[in-house]
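The primary structure of each chain is shown beneath.
4 protein chains.
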Amino acid sequence: MNNKEILKKAPMGWNSWDCYGASVTEDIVKKNAEYMAKNLKKYGWEYIVVDIQWYEPTAESLEYHPFADVVLDEYSRLMPATNRFPSANGGKGFKELADYVHSLGLKFGIHIMRGISRQAVHGNCKIKGTDKTARDIARTDSICFWNPDMYGVDASKEGAREYYESLFELYASWGVDFIKCDDIAREMPDAKDELILLSDSLKNCGRDMILSLSPGPALLDYSETYKETAQMWRITDDFWDNWNQLVNMFERAKKWCTHTGGGKWPDADMLPIGPVRQFENKENRTNFTEDEQITMLSLWSIFRSPLMIGGEMTGFDEFTLGLLTNERILEMHENARNSHQVFRKEIDGCEFVLWTASCAVGGNYIALFNLGESDKEVTLSLFEIEIYEERKITSLWDNMELGFSNEITVNVSKHGASVYKIG
Amino acid sequence: MNNKEILKKAPMGWNSWDCYGASVTEDIVKKNAEYMAKNLKKYGWEYIVVDIQWYEPTAESLEYHPFADVVLDEYSRLMPATNRFPSANGGKGFKELADYVHSLGLKFGIHIMRGISRQAVHGNCKIKGTDKTARDIARTDSICFWNPDMYGVDASKEGAREYYESLFELYASWGVDFIKCDDIAREMPDAKDELILLSDSLKNCGRDMILSLSPGPALLDYSETYKETAQMWRITDDFWDNWNQLVNMFERAKKWCTHTGGGKWPDADMLPIGPVRQFENKENRTNFTEDEQITMLSLWSIFRSPLMIGGEMTGFDEFTLGLLTNERILEMHENARNSHQVFRKEIDGCEFVLWTASCAVGGNYIALFNLGESDKEVTLSLFEIEIYEERKITSLWDNMELGFSNEITVNVSKHGASVYKIG
Amino acid sequence: MNNKEILKKAPMGWNSWDCYGASVTEDIVKKNAEYMAKNLKKYGWEYIVVDIQWYEPTAESLEYHPFADVVLDEYSRLMPATNRFPSANGGKGFKELADYVHSLGLKFGIHIMRGISRQAVHGNCKIKGTDKTARDIARTDSICFWNPDMYGVDASKEGAREYYESLFELYASWGVDFIKCDDIAREMPDAKDELILLSDSLKNCGRDMILSLSPGPALLDYSETYKETAQMWRITDDFWDNWNQLVNMFERAKKWCTHTGGGKWPDADMLPIGPVRQFENKENRTNFTEDEQITMLSLWSIFRSPLMIGGEMTGFDEFTLGLLTNERILEMHENARNSHQVFRKEIDGCEFVLWTASCAVGGNYIALFNLGESDKEVTLSLFEIEIYEERKITSLWDNMELGFSNEITVNVSKHGASVYKIG
Amino acid sequence: MNNKEILKKAPMGWNSWDCYGASVTEDIVKKNAEYMAKNLKKYGWEYIVVDIQWYEPTAESLEYHPFADVVLDEYSRLMPATNRFPSANGGKGFKELADYVHSLGLKFGIHIMRGISRQAVHGNCKIKGTDKTARDIARTDSICFWNPDMYGVDASKEGAREYYESLFELYASWGVDFIKCDDIAREMPDAKDELILLSDSLKNCGRDMILSLSPGPALLDYSETYKETAQMWRITDDFWDNWNQLVNMFERAKKWCTHTGGGKWPDADMLPIGPVRQFENKENRTNFTEDEQITMLSLWSIFRSPLMIGGEMTGFDEFTLGLLTNERILEMHENARNSHQVFRKEIDGCEFVLWTASCAVGGNYIALFNLGESDKEVTLSLFEIEIYEERKITSLWDNMELGFSNEITVNVSKHGASVYKIG
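Protein chains in written order, with our numbering: chain H, 1 to 423; chain Y, 1 to 423; chain U, 1 to 423; chain G, 1 to 423.
In short, the hints are calculated from the structure, not lab data. There could be a bad hint or two in this list.
It does not matter which identical chain is used: a pair holds within one copy or between any two.
Below, in silico cross-link-like pairs of lysine-lysine (DSS-like), each with a Cα-Cα straight-line distance of 27 Å or less [to be verified]: (1) Lys-255 to Lys-345; (2) Lys-227 to Lys-376; (3) Lys-414 to Lys-227; (4) Lys-345 to Lys-203; (5) Lys-4 to Lys-282; (6) Lys-132 to Lys-282; (7) Lys-126 to Lys-9; (8) Lys-345 to Lys-30; (9) Lys-128 to Lys-227; (10) Lys-132 to Lys-31; (11) Lys-9 to Lys-92; (12) Lys-376 to Lys-31; (13) Lys-192 to Lys-254; (14) Lys-128 to Lys-38; (15) Lys-42 to Lys-126.
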């Protein structure tokens, strides 16, 4: 990465999956980019990511069509379906769309699958820069178990490096800033050599791109592999808007928290907020309550997960927009250091979780979560985080100055969270 | 199975794999059939089985060519490569070869892979008897991990039953008597529904065929599934001519011995004897010593494994032919009942294993194995198998009458075996 | 074992536990011995075994009194509590009671715990034949987890052999024929060295005694250890009169069936029939239905478990006595060979299990069990046990000659069993 | 804990085990207390702890004497052996020794075993404040597997609370400040109820005492139990002066680091430095090199383990004393917050580990460890710990000011460590 600035905080952006599955189109991408540029960019949101199967003309939902025909160039490389991305006509790929996103001051990302198109393999297509063909580098024993598009690539085969280099050469020529590579994070150690080849090819392509690895759960035993090859990796399978999955994320974050920082971001997955799953029903909105959304943003922020919006932004209401533009919470997302869980215990019939972090510019953060089924007033001593004197305390979500104290008394809503800066 | 006679003893025959891998040809099959008819048929040997990839024109060894082009009929069914099986010309498949084998008084078998050809799927070929196509019934998430030819079939999909019925209709029309289906025994529970569909289709095809499931090790937890669908199933991965694998088979046989009999045969795999691996070097012969071959035949016979010869029969020497034509041992293979291991223990520095069985026509069998590294004289009391009086004892391999006794003293060679009928 | 006759069939007898727990007395033992001599001896029943804690004066139920005072001789050996066994007065131990049992033509057994009395250890008592003391040979780290009486003995310590030899010297002097040693079968490998020392001491004591190991479940991986040291070993924790435990025994018997015979008897535990648990309530009788008792006896007999009656025999009704005196079933218990399960599968909504065995004097046995919840008529082909011609069939429980056939049609009661001799 | 000051940093002191095993005497304790008062007290070292078996008159090494006679008071409570602790004469226990330690400005601690003396149980001794006896509260099924002294106590039994309260009443009367309770940390969940009872009894005894739980490894799943009941718990079995154990501690510290702070201290065990194992050979000194000792102190300090000196202090050389009196390292031990491992990876053939922590009074700490087998110069960017500007850097072991920079270049010795304050 030439520009180390990119690594200083966890990526923030939008991804098309939660609302459009495999079926996003150019118009949708553009209107979301415009919304972000107008409403969110100044808060640090910047990536616009086109998720899976932009090369499949008939994609229409979360479901993949078995063995559907995909769009390929002459070198076994998947290309945008022009019925869905008209600007890709004439072999231009995502160049025009990326240019448009850049013109708004944002960055552009795409999803890819590990490997090489099965269609290219069975058609025995060419690979750029070598006389080897798709058949020569594909692994006969490596497929994705949830998507029918690809074979894995055998990194030891002649032609494999040329293939991956040709991919990133193409993406760099389009102006891609972010690659979400799928069918790879969880496939350790089987796909480890392929991940290293892919990562090396990206690093040598001449353009800075974030590499994001999916799907989760990533394997803790391979944390060093992820850190050496990528900037973010999923610690969970697809995260959706149900409370059990959100509760479950506390354990995942606890497990990964000491692996966060400096361009290395365990990823708690996208934020399913606002309008989601629009391919099912145009009226779908997130199932999360407002308190649950606050809990989610609080955990993602103190843990410093990448923040990728999942909903259709043009349909955001005031609450949702407010959630994403709270400057104090976003400062915590940027400045928290050495975050970790302090306790998880029952207090008066409700399960509470406390996280803490240092602040890079002085002071500390704490986030108190009520996982219980009723609102509950609790008093929290700063002794819990080893602060033994009175400190200036600020409540971040509502920007309330609480004055100097060595304890906090607060009524935390059911499924809700309170977050504080300790001066 | 209309002809229940077929089920009364474990199948005996020849299979092309151990000597020819994926590359057997019509000439080879015919000369082995002729040898069997002349030398072995009268001892009960009857199946001639063409192993894997008879549909791959360029096959030449044990290795599979990645994504090689295979021969298909218009209905997604694999057909013999006519460069290797000339009589298949004109779409006749194995009909002429099967007829020839039948004309010798023998039975004809072929190997198949679970599923449907990947080439047919990506070519979106037709399926006989339905307007569904290969693409409609193939599972995008099911491949064989060691062979590149097939996708699994989704038994719940419309067209799946028609596909499997069309296969067995074809094989019945050829006159096939034995199906060795691969990539299935070990794939429980993932491929269980497909196995049941396949087995049902076979049972309804109008011709009696033995169904043999590979590869092993089969899973003991699915023993009832194997028994309901097939006549034999492999209890080991590929068995080759090395001593450690042979020693290892004792534990496998011990584990499966109570699941044997009545058309249900746990299968210890082929006998790698005589000339083997001829695709590597024309002079390859089995690595097993004569004593080790006796041990192998003794275990397979008292355990009542199917007996499938793996070597090129026309190259057999006198010893090898004698091994396969010992009438007393073959009687044991047919008449042993309730076989099981009695002990495995060290005697005087050598590990000995004792097996016993009842004999269906009266009396008992015992087989005493010396797994140790030196010849050893031992005395075995019939008390070990709960015989408390003197009995007439016959040594089977050498046809020696030992008279009446309640014990046996014998020098068992290193890696060798002695087998007795107790009258 | 000097008298090999003892090993020819699995032991049959009575044990005080199921009815009296830790609290049996001399009177009870004698009246049961008298009953057995009169009613059961001629059918092969012969052992009368005094179970646990005959050395504890205050024992009154299944529960052990924590750290209760026990009766010891001067050599750290437990002695019968004379309030419960008056004939033991004057240090005579079980000599008079054993003599009485022998006078009835029966054999006498006792229960012992592995190890040495904790009371002897903390009292630092002497050991016969050595100047070492109880403290010197006890293991500080080995106790029984369900009984407070003993420490394990360290077989490697000087004095350990003398201790165990002094025990069996004493038991031989009393005339003991059967030792049920507890806290040992399941304690492999921790107590393996102690088991071997104990077994060696028994073998050298000059008197033939059966050694029975408890509690279960014994560990299959130590089957050879059990066979080398003992004649029977428990394959289950305490078995009581509830149907789930009985159903569960089918899996245990299936797992151990090839380890049975020739003085080596996996033990399915006592038969809780007739009056049981009399320390709880004088009116307690077995919870098993008559069909369930038939199922139990059928399984124990074809599997050839030792048969130890658990109930108070003087309270047996005609059914119970009939159960134990069916000569055809008891012949099967003696003559079955190579027993094993043939199938366990659902037939018409009920789960059926089929066992088979060879008969040492010709022919075969089968036992068909209905584990389902309704009576069910089924037709069983002899093909299932590889008999292909018509045979003479006799129903054993009711002694019905069914004539010559190759199949059996029978209505098997819910939870019941039918057992046949196939001529 | 009334005095919360005690909880603010991890305990620092001396323990008799590493040098004297079970055999420490009053004289030794006193001379070490005097040394600490004179040389170490001003740096924060304050606890003097008498380890295991002070109640065993004949103890002489690390080995326990099987069932040796121990000293008890009339209430089943273990008392100091007066041959080893003369001031305990007349039933005074540790009162005089504790007074002496207090007179030096230090604190006094003792080791106890979970449970109640087996000798008291088999002697059926009294318990203070109840008519229940030792026999009534002891668990017949709970012993320590490596020490012969105790039975576990059944927390649900009447008399159990009185027993534990009588213990802490006695220790409070002596003036004990620190309890190291053994045979408990690793015995979860079996001993959980007993731990809670013990902890409650301590909390209610009227005197502040640190509770330290042994042996390790403690179970991560019970972290909340340890935190609620104790102030420190061992994360390792006995730690000795060998390099492999030290390397192994990095993984343990990594696993427990987010559970540290605020009176909750995962404990990496004593520091085996200077003269150790004097019961074996009077000349024994630590096997650790100076670099390894620096590595140990650096890891223990940034992880904030309790620091308990294991060697005989009067035999310390200048290096060892310097190791324990480096004010900058001890400040880190006190002020580090949110410590965790940053990476563990190979650099130029050597395995390096980096830890970081925030500092409670501003800035950060880093500790860089060379686990490799050669000295190695490395350059470490502050980017690794997410510091993006130049900072004032101080090398702590040698008190070198390195000026302002955003990277550090240092030659780290084989098995050595460098530690820095980042201003």
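### Message
Within, between, both or neither: how does the pair Lys-128, Lys-38 come out at a Cα-Cα threshold of 27 Å?
### Response
So Lys-128 and Lys-38 fail the 27 Å test inside a copy (40 Å) and across (58 Å) alike.
### Query
Given identical chains, is Lys-255 near Lys-345, meaning Cα to Cα at most 27 Å, within a copy, between copies, both, or neither?
This pair counts as both: shortest intra-copy Cα distance 17 Å, inter-copy 20 Å.
### Query
Between the shortest in-copy and the shortest cross-copy C-alpha distance, which are at most 27 Å for Lys-345 and Lys-203: within, between, both, or neither?
between (44 Å within a copy, 20 Å between copies)
### Task
State whether the alpha carbon distance between Lys-128 and Lys-227 is at most 27 Å within one copy, between copies, both, or neither.
Neither way: Lys-128 and Lys-227 sit 29 Å apart in one copy and 52 Å across, limit 27 Å.
### Task
Can you give me the call for Lys-345 and Lys-30, within, between, both or neither, at a CA distance of at most 27 Å?
neither (46 Å within a copy, 43 Å between copies)
### Message
When Cα atoms must be at most 27 Å apart, do Lys-9 and Lys-92 count as within-copy, between-copy, both, or neither?
### Response
neither (32 Å within a copy, 63 Å between copies)
### Message
Checking an output row: Lys-126 and Lys-9, CA cutoff 27 Å. Within, between, both or neither?
### Response
For Lys-126 and Lys-9, the Cα distance exceeds 27 Å both inside one copy (40 Å) and across copies (54 Å).
### Within, between, both or neither, where Lys-132 and Lys-282 count as close if Cα-Cα is 27 Å or less
Cα proximity of Lys-132 and Lys-282: none, with 47 Å in one copy and 33 Å across.
### Task
Can you give me the call for Lys-132 and Lys-31, within, between, both or neither, at a CA distance of at most 27 Å?
neither (41 Å within a copy, 40 Å between copies)
### Query
Using 27 Å as the alpha-carbon threshold, which applies to Lys-4 and Lys-282: within, between, both, or neither?
For Lys-4 and Lys-282, neither the intra-copy (41 Å) nor the inter-copy (58 Å) Cα distance is at most 27 Å.
### Query
Can you tell me if Lys-376 and Lys-31 fall within 27 Å by alpha carbon in one copy, between copies, both or neither?
neither (41 Å within a copy, 55 Å between copies)
### Task
Since the copies are identical, ignore which copy is meant and state whether Lys-192 and Lys-254 lie within 27 Å (CA to CA) inside a copy, between copies, both or neither.
both (25 Å within a copy, 24 Å between copies)
Checked against the numbered hints listed earlier, the structure breaks hints 5, 6, 7, 8, 9, 10, 11, 12, 14, 15; every other hint is satisfied.
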